[in-house]
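Student: Use the sequences and the hints to build the structure in full.
Quick note, the sequences are listed as chains V and B, same order. Counting in this note's numbering, the first sequence runs from 1 upward without gaps. Counting in this note's numbering, the second sequence runs from 117 upward without gaps.
Simulated from the structure, these hints should not be mistaken for lab results. As the structure is a prediction and not an experimental result, all values here were calculated from the model. Ideal Cβ placement from N, Cα and C applies to all residues, glycine included. Misleading hints may appear alongside valid ones.
25 angstroms max Cα-Cα, derived SDA-like pairs, lysine to any residue [claimed, not checked]: (1) B:K129 x B:R171; (2) V:K49 x B:H145; (3) V:K68 x V:S26; (4) V:K49 x B:G119.
Computed beta-carbon distance windows for the label pairs [unchecked claim]: (5) V:F97 x B:H183: 19 to 27 angstroms; (6) V:S14 x B:P186: 52 to 60 angstroms; (7) V:G16 x B:E170: 22 to 30 angstroms; (8) V:E66 x B:N187: 38 to 46 angstroms.
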Amino acid sequence: AQSVTQPDIHITVSEGASLELRCNYSYGATPYLFWYVQSPGQGLQLLLKYFSGDTLVQGIKGFEAEFKRSQSSFNLRKPSVHWSDAAEYFCAVGSLFSGGYNKLIFGAGTRLAVHP
Amino acid sequence: DAGVTQSPTHLIKTRGQQVTLRCSPKSGHDTVSWYQQALGQGPQFIFQYYEEEERQRGNFPDRFSGHQFPNYSSELNVNALLLGDSALYLCASSLSAGRSYNEQFFGPGTRLTVL
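Tutor: Structure (structure tokens):
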């Protein structure tokens, strides 16, 4: 069965420090991978996505993620965190089914706190 | 170009009541998916509508039903509300995937509280 695991429920970093959020997935075929961010009371904003090609993908707000097939991982990174990055981050895998429909399976999320 | 819109923003209901949530997809999109996000959890897929038909469903009871209109907008209906139905309900729109995966764009959600 398809699944997404985000091992870290909460992470706290200091402003200006580097960040890595972990994501592991279980999916039989080549996955479509996503990272979303959600601020309190808000919907989901797409940070970046991986469909194919270069395994290092760049996203908005200075985020990047690396797809590692051998480790079934798609970790999110940022070299220098800003206080405004405090939010909940969700990793998701998208599955494409015959008939043309798709759906997203999300991890439980990682809540990021940023200390000044 | 308006993105995905949802109404209402917030809703309070009591157990046993019925609720209808509404979603207008992003311009040009023909597929609408609904997700439930309980507090402290990731969104869970409820179902997806295309060409006014439900074509994929997650692990949700029949109390959850939906509809898609000819203009591609959609409604999510929940009958016989339970306390556990309290959640943020997210709508996402996309183009029919065909042979390639098309990104889903999310609305701001409707916060449902069941008392």
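Student: Look at each hint and say if it fits the structure.
Tutor: Hint check:
1. B:K129 x B:R171: Since the Cα atoms of K129 of chain B and R171 of chain B sit roughly 29 angstroms apart, the hinted pair is violated (cutoff 25 angstroms).
2. V:K49 x B:H145: holds (19 angstroms)
3. V:K68 x V:S26: Holds, because 12 angstroms separates the two Cα atoms, which is no more than 25 angstroms.
4. V:K49 x B:G119: Holds, at about 19 angstroms.
5. V:F97 x B:H183: 19 to 27 angstroms: Distance hint for F97 of chain V, H183 of chain B holds at roughly 22 angstroms.
6. V:S14 x B:P186: 52 to 60 angstroms: holds (53 angstroms)
7. V:G16 x B:E170: 22 to 30 angstroms: Taking Cβ atoms as reference, G16 of chain V and E170 of chain B lie about 48 angstroms apart, which means the hint is violated.
8. V:E66 x B:N187: 38 to 46 angstroms: holds (41 angstroms)
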